[in-house]
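Go by the hints and put chains B and C onto chain A.
Residue numbers (our numbering), protein chains in the order written: chain A, 330 to 630; chain B, 881 to 1923; chain C, 4 to 127.
No lab work stands behind these hints: they were computed from the structure.
Treat each hint with caution, since some may be false.
To be verified - Within a straight-line C-alpha distance of at most 30 Å, the following computed DSSO-like cross-link-like pairs (lysine-lysine) qualify:
1) B:Lys1032 / C:Lys114
2) B:Lys1033 / A:Lys382
3) A:Lys382 / B:Lys1832
4) C:Lys123 / B:Lys983
5) B:Lys1033 / C:Lys60
6) B:Lys1032 / C:Lys33
7) C:Lys123 / B:Lys1667
8) C:Lys114 / B:Lys1078
9) B:Lys1033 / C:Lys123
10) B:Lys1234 / B:Lys1078
11) C:Lys114 / B:Lys982
Unchecked claim - Have a look at the derived ranges for each label pair, beta carbon to beta carbon:
12) A:Pro372 / B:Lys1832: 33 to 41 Å
13) C:Ala87 / B:Tyr1336: 42 to 50 Å
14) B:Tyr1336 / C:Asp121: 50 to 58 Å
15) A:Leu338 / B:Phe1375: 56 to 64 Å
16) A:Gly501 / B:Gln1385: 49 to 57 Å
17) C:Asn120 / B:Phe945: 27 to 35 Å
Don't be surprised by glycine CBs; every beta carbon is placed ideally from N, CA and C.
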Amino acid sequence: MSIDWMKLLFALLGLFIVLNYGLLQYGIIRRITARIGKRIGMPVYQPYIDLIKNYAMRSQITHGVMYYLGPVFRLAGGVGVFMFMPLIFGSELWSNYSFSGDVILILYFIFFGMLGMALGASEGGHPYSFIGISRGLSQFTTVEVPFTLAVIAIAAQSGSFSITEIVAAQQGGIENWNIIANPFAGAAGLLAFLGMMMAAPFNVVQAPTEIPIGPPTEYHGTYLGMLQTNRAVLYIAEAILMVNLFFGGATNWVELLLKVFMVSMWPVFVGLVFPRFRIDQSIPWFLKIPLILGIIGIFMI
Amino acid sequence: MVNPVHIVSIGLAAAFLMSLAGKRQQNILAYFLMIAVGAMSFISLQWLMEIYSGGAGREVFTAGFKPPFAINLRMTMDEAVLTSIINIFGLFSIIYLFDTFKKANNHLLSIFIIYLMGLNVMVMTRDLFNLFVFLEIVAIATAGMMIMSSDKKGISAGFKFLIASSVISGLLLLGTLFGYTYTGTLNIDMMQALPLIKGGAVALFLIVVALVLETKPFPANGWALDLYTSANHGVGAMLSVLSAPAIMFVVYKMLPVIPQDWQLVISFFGIITFAASNYLAIRQENIRRMLGYSSVAQGGLLLATVGLADYLGGSFYFVALGFLLTNLFAKAGLFWLGGIVNSDNMNKWGILRKKPVLLLLFGIFAAALAGLPPFPAFFAKWELVMQLGAGEGWGWIAIMLIGSLFEIAFLFKWVGRVFKAENEENAPANFAMHKQIPALLLGAGIIAASYFFIDYLNFNLTFVLIPLLAIAAFFVIDYAPAFIKNILLIGALSFYGYMIYPELQGDIMKLVFAGIFLIGGVLTLFPGFSAKGARKGFYPFAAMTIFGLLMLVNPADNLTFFMGWELMALGSFILILRGKMAEKPAFRYMLFSAGGAYVMMAAFAMLNNISGAEFFGNINIPANTAGIIFALLAIAFMLKAAAIGLHIWLPGAYAEAEDDATPLVSGVLINSGVLGLVLLVTSFGPQTLFGYDILHIMGWIGAITAIGGNMLAIYEEDMKRLIAYSSVGAMGYIIFALAINTKLGLLIALYYTILHFIYKTMLFISAAGVMHRTKTRNMYEMGGLIKSMPLSFIVVLIGIITLAGMPPLAGFAGKWMFYNAIILKEWYIQGAMIFFSGIVAFLYLYKLISSVFLGQLKDNHRKVKEAPFYYIIPQLILVMAIMVLSVQPQWLMQPLSTIIPASFAGEALQWDGNLATLSTGYWNAFTIMSVVMAMFGILFLWLVYHSRKAQKVKQFNIVFAAEKPFRPETTHVSYNIFAAYKKALGWMVTPLATRFWERLSDIFTAIADKFRTWYTGNGQTYALHLLIYAFILYIAISGGKLL
Amino acid sequence: MEQYLTLQNIGIATGFALILIGLYGGLTNKNILRIIVSFTIFNSGLNIVIVALAYLKGRVAPIIDDTTGLDNLSQKFVDPVPQALVLTAIVIGLGVTGVMLAYALKMYQNKQTLNINDFKETKW
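One chain only, chain A, in its complex shape (with noise of 0.2 Å):
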């Protein structure tokens, strides 16, 4: 099999990209919270500056091999989600390799660095990685729950789980985007989203008071820089999911990046709004208001 090397091109410089937004965005993103808390907050290129502290520590730890693959799972997932995603509507060189697969290999594609994380940090051995594990799967059961129900209903609308497809559904005005179209399905899927996005009130995962920082606790240097790649790469993807399947996706990277920054506001606003709820009321949360908002979005069809 050879390989396109321009279409590798054109999916590295996506990514590029992506990761620099996906890190501005996020400095942007502590900015507002900041303001809203009356803080003034941090500068917007702080990521920037974590990022290159912590690929730049000289001393580092492993705990064994599954410690040290777990950014690597991670990071791979989050880039893969990237790398299988359609980004412009009707650019065959910005489409990345969405021709290995459809809606569902991105939905399950984000399991897989979820499960490396989890195992690496189950092999730091520590018992806050372990308490954030069980969290954080235990939430993303329910989240799933609406949300898959809500492609299914935008898939079965389209005829098709190709998000090309799902896009080009859209396509025509505002009228036909998903979230109008479907509105049940779409408000199922938004609120699926900020148990996605792990935003107040379902940040207890990572739960920076009782639990620092959940997970990644024992993760430092290059590790976490890693870690912090994946988070700026894997929101933004996620966030062009989202446009994509509800929100008529994009035909040129400016609405793209427009629409991508709108939806990621979404879960910024409610977190800001709404205090933490805890782990076993996140949990049915999502099996109550979504979960009836994505029943009727089926019947919807």
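What follows is chains B and C alone, placed relative to chain A:
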């Protein structure tokens, strides 16, 4: 040819001589008795040979007159067989009771031979009054034996027996005399007109009711039960296997006189006796009484068969002989083993384990009695049910099968006890040789009988007889070392595969399942190489399980399939029972297996009625019937596949089996249910029951099973139970996929079956290796094993990635197809449930791998080594299979696609190189793998480069709030790790099914407990029962209009 | 009414009455010896019924002597078969009674009582 009347003369002469002999020289007298009974046996055997080789029978006219002026005896095939049985068994009994006979006085010896002689005459005579006389002689002899051979309990039981037999014989005498008055004859063959004569019917009824009462029908059989309970084991055996068949034969002789509709009523009462007695037996703890109930039940079955003799026609002898021989060998064998164990307490029976041969005998007798293959009762029961089905006697079948289920219940509870009960020091057992040898002869007898039945049925050589022979061979060589047996079994399976391959070549479906069973069998046997010693009792049953499974693959007829099914159930039951704490789970497994099997049997009876014996022959069946058959078979198969509600046997059974037997019974065996479901769905197509689409219901069952199984798994701390529950979940997927019933759905089911087989076998073997090294099953007692068992870790990692359906491994293909199939079928809600369950699976998968391999290593595991080599080999082979499938799934899926019938709805998966497409989506395993591998590789190198100086630190060197944890136990978070989840969604795992079944079983035993108080122990009450029974039978037969 | 009061019918009625009395006694008496006696009565009743069934009006017992001569015996005798049978039945009845008495003895030796309610070791 010696005149058969000499049986009588020898008996009488011997009896007289012995009573003259006085009380000296009991030894010699006992030998003399043996010679006399030997002579009687010789005569009857001689006639048997003569008639068997084509000779004529004989009518013996006593006193030189022909009937009706004198008594005549008849000796034909029937009588020759029965008298041979009676005399030879009598001979065995003498050996068995030799010590009793030596100690007892001469009267017991003469009574014994009188008893035998009386039975002989009962069988041979054609004269009603003569019959009455000898019935009374047998009764007196029985009472005599009771009074001389049993303890104090036996005395009162004997008295009750005498009361009952007085009442019964009074009825018989009255009937006989009125019969004589009406017909002017006492000869049975000349009485045909009796029911037609006015008033004659009443006389006949009296005779019939007396004979029926003699067969100890439920519920007028308290006297008989008490007799069995207190009789010496040898005497009990004779009562059960000689008296009862003799009286059955008397009923059989009377049949020409008894009107057809009466026969049916009698037969039905027999069936009720069978079911009810077996039912009451489940509550018994006293073994002899339990055997008594069982004897009564078998009597009921024989009576039912006899009553149906005309109906069964050509099959009558087959069925009757099957039940008769089983009762003869197995029941007597159990009684005699009882004499060896010498205790009525079930818990003392563990003593049999001291003598493996006796243990094997016990197993054979119990299985034979329970009607499991390859013993005669299995075939007889099958034939009887098929014949009843041909007459659409569904009620009969239902009662009979329910009775059989109860029979399994008490027999296998007992089997479990025998295998597991603690042995005490001062057990009263008596292993005298003269007791063991007759029991062994009975064992040989039942095996010989089985041989004749199998031979008679003309089974397929390759697919039935060779497997049976192979199983038998492993019983024979069970003394060899485990290593050799392992090689032999693997060799046998491989050779068998080589042998059947040409026959299955054209049929990929059969190849797939034969492959699963064979390869699975071989691979799961590999860990056995590291076992030490002879490992007695493992290989015969492993062979039975695997070859039983293989019989399911290419069955010529329904019987073959059912036989394979039962063999597999029996074999796996023993494999499970071998586990340390397995008694209760194994019992539960057996009960559920048997329940499923009998449901299946009922379905086959319906199927057989319409489309003949050929396996799933002509399926063009009227829609309603097809729906019922489909539903019954689906229940039976889903039971094996552990659909929710029917799953409660599974976790215990799989978890408590021996660690290296678990992969076989779970990963491999569970596919038998799938095989059945696949065959069912592909050959029947969608069916409806009362207007409901069965497949639609199955779809829901599948979805709920998937969620339920996975939900239950996440709260398990026991490694094997966790994987076992995960099997329940996987079966849910497969049931769901089959219920989708499209081309894609079937493909998913087949693909998942294979995949599940691979990863589950892998996981179980891996778990077995870990448990072998750590000596525990609780995951929270493990931890940090990745460093000492890296290969096992990798295998588990690959297993769980596959199970979770994550790309890039092969499991993703299944998930992807599921999504598409659901969109195409428009089963969105069920589909969402399936995906939810898939994600729930993450929780237990994480728990499985992290609790065991990651986290903190425990102090007592610091010296643990990698799993033994023989555990690793099969795992690696399976890992390779997964890897190949992950990159080139089309190598498997394209052949699978070819076996999907064109009649199935929906679109088929299209392949273009590595790219799979459907109208709804696409996926390319190869590019996914390439992209992931490239990314992973680059990032890995990047990390390696950056953290090249990373320092390895010690176990407790973690960021632990400025404290150093001092024990791994306090740091390893594993126990109840998903407590929050349980708090939030724990209601989903409310054990409704367990509660339901346990409540049900409680109710059943409670009712049985209440009902058995009907047998008050008071002889007068029993006599009253007889009269009431007579009255009820009178109403049932006549509707009150005989006069 | 007259025609029913034949010797045969009286015999049969008496027999059945005895049978019922015997059965009743057997089922209600608690003393084992009384039960045995009741069954003896039951048996006697049976035997009477048998003999009565064989009775034919105006005929004599089947014994050849001077009064019967040798001709047409089948017209003169009552049915001889039940007569023969009843002998056997009596013998058997005696045997059963004997065994029952043996049991009664043993039971009394075991428990020093003859109340049948005390012999319920085996039940359920």
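Can you list which hints this structure breaks, lowest number first? 2, 5, 7, 8, 10, 17
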